[in-house]
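Engineer: Position chain B against the provided structure of chain A, taking the given hints into account.
Number of protein chains: 2
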Amino acid sequence: MKSLTSRDNPFFRQLIKLEDSVRQRRAVGLTLLDGIHLISAYRLALGPPKTLIVSESGCENMEIKRLLAERGVDVDLVVLSDVLFREASPVKTPTGIMALISIPPAATIPVHKDGKGERGEPFCVLLEAMQDPGNLGSILRSAAAAGASDVYLSDGCADAWSPKTLRAAMGAHFLLRIHERSDLVEVARAFNGKVIATTLKARISLYQTQLTGSIAFVFGNEGAGLSDAVLRATSEQINIPMLGGTESLNAAAAAAVCFFERVRQMKKIPRSVF
Amino acid sequence: MKSLTSRDNPFFRQLIKLEDSVRQRRAVGLTLLDGIHLISAYRLALGPPKTLIVSESGCENMEIKRLLAERGVDVDLVVLSDVLFREASPVKTPTGIMALISIPPAATIPVHKDGKGERGEPFCVLLEAMQDPGNLGSILRSAAAAGASDVYLSDGCADAWSPKTLRAAMGAHFLLRIHERSDLVEVARAFNGKVIATTLKARISLYQTQLTGSIAFVFGNEGAGLSDAVLRATSEQINIPMLGGTESLNAAAAAAVCFFERVRQMKKIPRSVF
Numbered sequence: 001m002k003s004l005t006s007r008d009n010p011f012f013r014q015l016i017k018l019e020d021s022v023r024q025r026r027a028v029g030l031t032l033l034d035g036i037h038l039i040s041a042y043r044l045a046l047g048p049p050k051t052l053i054v055s056e057s058g059c060e061n062m063e064i065k066r067l068l069a070e071r072g073v074d075v076d077l078v079v080l081s082d083v084l085f086r087e088a089s090p091v092k093t094p095t096g097i098m099a100l101i102s103i104p105p106a107a108t109i110p111v112h113k114d115g116k117g118e119r120g121e122p123f124c125v126l127l128e129a130m131q132d133p134g135n136l137g138s139i140l141r142s143a144a145a146a147g148a149s150d151v152y153l154s155d156g157c158a159d160a161w162s163p164k165t166l167r168a169a170m171g172a173h174f175l176l177r178i179h180e181r182s183d184l185v186e187v188a189r190a191f192n193g194k195v196i197a198t199t200l201k202a203r204i205s206l207y208q209t210q211l212t213g214s215i216a217f218v219f220g221n222e223g224a225g226l227s228d229a230v231l232r233a234t235s236e237q238i239n240i241p242m243l244g245g246t247e248s249l250n251a252a253a254a255a256a257v258c259f260f261e262r263v264r265q266m267k268k269i270p271r272s273v274f
Numbered sequence: 001m002k003s004l005t006s007r008d009n010p011f012f013r014q015l016i017k018l019e020d021s022v023r024q025r026r027a028v029g030l031t032l033l034d035g036i037h038l039i040s041a042y043r044l045a046l047g048p049p050k051t052l053i054v055s056e057s058g059c060e061n062m063e064i065k066r067l068l069a070e071r072g073v074d075v076d077l078v079v080l081s082d083v084l085f086r087e088a089s090p091v092k093t094p095t096g097i098m099a100l101i102s103i104p105p106a107a108t109i110p111v112h113k114d115g116k117g118e119r120g121e122p123f124c125v126l127l128e129a130m131q132d133p134g135n136l137g138s139i140l141r142s143a144a145a146a147g148a149s150d151v152y153l154s155d156g157c158a159d160a161w162s163p164k165t166l167r168a169a170m171g172a173h174f175l176l177r178i179h180e181r182s183d184l185v186e187v188a189r190a191f192n193g194k195v196i197a198t199t200l201k202a203r204i205s206l207y208q209t210q211l212t213g214s215i216a217f218v219f220g221n222e223g224a225g226l227s228d229a230v231l232r233a234t235s236e237q238i239n240i241p242m243l244g245g246t247e248s249l250n251a252a253a254a255a256a257v258c259f260f261e262r263v264r265q266m267k268k269i270p271r272s273v274f
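So the protein sequences, as listed, match chains A and B. The UniProt record's numbering numbers the first residue of the first sequence as 1 and each following residue consecutively. The UniProt record's numbering numbers the first residue of the second sequence as 1 and each following residue consecutively.
Just chain A, with the same shape it has in the complex:
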């Protein structure tokens, strides 16, 4: 198979644009997955990707060979010289394989057990102006692991489908319905259950709050927190109690703590152990 070696090749130029530009990704509805893990997670949920892109040396990798052998007839294969692949890849030490995919509409994602938690109650996450793609990806990953079905992102959030966010979420994108550019006030008002925000000033603790049942958690911008409008649309405000000399948690860490307090309550672990 012939490999692309020219920077002027239109396909290569498209990859670079997709890598760099949220506007381009949204205009054409495409993005890039880097590495076998993300590609496998995508395939498991949504079937084969449009195109697989492999580096010359990636062609020699056993795992990549296996993936290519199983790829199905509809999947295009493009081989790039190692130099071009490294330029197009979103990671510093590229794994040798990428996939070009259509960004899936939220409704096409086959959410865990009909989009409901283990016991059938809806569990959603609302994020306002979450700016760091690493934080956003980590929150998506924790939300999927805790059984959430839907994540609503306001305008001003990092692009959910950027290679950075995809990498941090490790495949959670294909287990959650992600609704970008949502009106969070509208979503919160329409939600049939508790809409809970964490704030430093709240008097009720996370651990005093019933989190089984229908729950939406709301988290705000890393620096500024939640806007007044979104805060007013919540039904409860809680705090995460701290024991140390600081009251400071990373947004993704705070979200994980909240999500897994819900998991703990849903699991109804017998208390006999302690």
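None of these hints come from the bench; they were simulated from the model. Since no wrong hints were added, every one of them can be taken at face value.
Note: identical chains are not told apart, hence a pair may lie in one copy or across any two.
Calculated cross-link-like contacts (lysine-lysine; reagent style DSS-like; alpha-carbon spacing at most 25 angstroms):
1. K267 to K201
2. K2 to K17
3. K50 to K164
4. K2 to K50
Predicted model, so just to flag it, every value in this text is computed and none were measured.
Structural biologist: Same frame as chain A, but now just chain B:
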């Protein structure tokens, strides 16, 4: 006050080296704090920094002016042209102020309530080959908020004192004793209490495990997890139960979930609410 404008200035060149090179930071025992928040956290715990570095336009900022006015006679002040400041700063949108500090030895950190948790029991964190500075910083931040006293890092961890780790930890460095290049097997064996690792295969859940008392949590590399040697030196292995279609959490999210399950158990919140 005259500002530095030349890239050949030895002080400016030192800043660039400190910014870029862990070897340089370790050789001279210095690092850089960017922004008022980090500088204030340092000063609160350890007193004034060696040198404050301000950009020309930073000199006009009210908050920075106040900080400079209070700085004390022993603190050197260096003004950089905006161009040079931007080059020396570890962040994309510099705040206009940095501090040059000596990396504090672990023993000099005034840990929360004599280095013990709210009820006097030691609480430590061991990290093996944690490679992402963002994850490392987030774990330090969560550990400080949950009342940990000591964090032990193996060889192969990201540099705890890099500007990236410092930024992600938001001042937690000055509330924790951080022991770099530790032999974790030795630390685990010498620890007088439970040494707990999370693994996917463990049969006992986090929520079935008593976490009050003397606890050390151990977390491994983001990809490879813990080495066999460190795993053998733990006293308990537990899992974090998941409800979703995945069993995957970011290392910093998993750490936050474990730390705050300890906080929940230590707080002994009345259960009357649900």
